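As given, the protein sequences belong to chains W and H, one line each in that order.
When you line the first sequence up against UniProt numbering, it's residues 1 to 109, in that order.
When you line the second sequence up against UniProt numbering, it's residues 1 to 109, in that order.
Check before you lean on any hint, since a few could be wrong.
Any copy will do: because identical chains look the same in the list, a pair fits if it lies in one copy or spans two.
[Claimed, not checked] List time: in silico SDA-like cross-link candidates among lysine to any residue, alpha-carbon distance up to 25 Å: (1) Lys107 to His44; (2) Lys29 to Asp81; (3) Lys66 to Lys107; (4) Lys107 to Gly85; (5) Lys66 to Ala18; (6) Lys107 to Arg71; (7) Lys29 to Val83; (8) Lys66 to Leu26; (9) Lys43 to Asp17; (10) Lys66 to Asp104; (11) Lys66 to Gln108; (12) Lys29 to Leu60; (13) Lys66 to Arg30.
No lab work stands behind these hints: they were computed from the structure.
From a predicted model like this one, the values you see are computed outputs, not experimental measurements.
2 protein chains.
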Amino acid sequence: MDKARDQDGWIGKGPFDAAFQDAAELVGKRWVGAVIWAVVHGKHRFAEIRNAIPGISDRLLAERLKELVDRDILCHRDTGDPVPGYHLTPRGAALRRVLIALHDWAKQR
Amino acid sequence: MDKARDQDGWIGKGPFDAAFQDAAELVGKRWVGAVIWAVVHGKHRFAEIRNAIPGISDRLLAERLKELVDRDILCHRDTGDPVPGYHLTPRGAALRRVLIALHDWAKQR
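The whole structure should be built from the sequences, with the hints applied where relevant.
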């Protein structure tokens with residue numbers, strides 16, 4: 001794929017496409033950042049994650065976890081694992097770095 | 001402000017807060033990436049930006065531009081300027097780098 005990038009790495013081939021829009025909408029969903037944050041900080045079981053996020057409902061947390069697993073951002077290891085529960089995939093770890101950059105941008109005022 | 005960061009710069013003081021959520025929802029709004037992309041690529045006047053984004057309506061483009069100006073991501077220079085129209089602010093240029101990172105993440109499969 002021939003990509004023409006400018007100095008900042010912007011792709012000059014056309015506007016942000018469906019894959020970008022999809023990722024941007026995921027990041028913008030309520031609780032997505034908080035769920036990833038909780039997992040990064042050692043909350044792996046459903047109840048641990050729920051307790052780390054004030055205000056989230058079981059139903060909504062289950063929905064977000066399912067979506068994050070479906071998108072290969074989290075994986076779920078079963079009770080046979082030394083640390084059972086939800087973990088970041090390599091793809092999730094890469095997204096985490098983007099979320100940090102967005103967080104830092106949000107705090108720059 | 002005392003920030004405890006891990007090696008990736010993650011802030012260990014609590015989950016992503018309102019400022020992050022606000023920024024994430026902005027990024028996730030339809031057309032926001034495309035509008036910034038158009039401005040970066042030399043489209044500055046309303047009609048130029050609209051023509052660069054297939055499918056956007058005048059009403060929605062006006063709404064997005066107003067929001068991006070209100071949030072200090074774009075500024076509008078009047079007809080006395082050598083290049084009248086919409087331009088990235090320094091804060092907008094910083095967001096652009098985050099959008100590029102998100103775009104690249106979205107394309108990694």
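Check your understanding: So which hints don't hold here, by number, going up?
Key -> 1, 2, 4, 7
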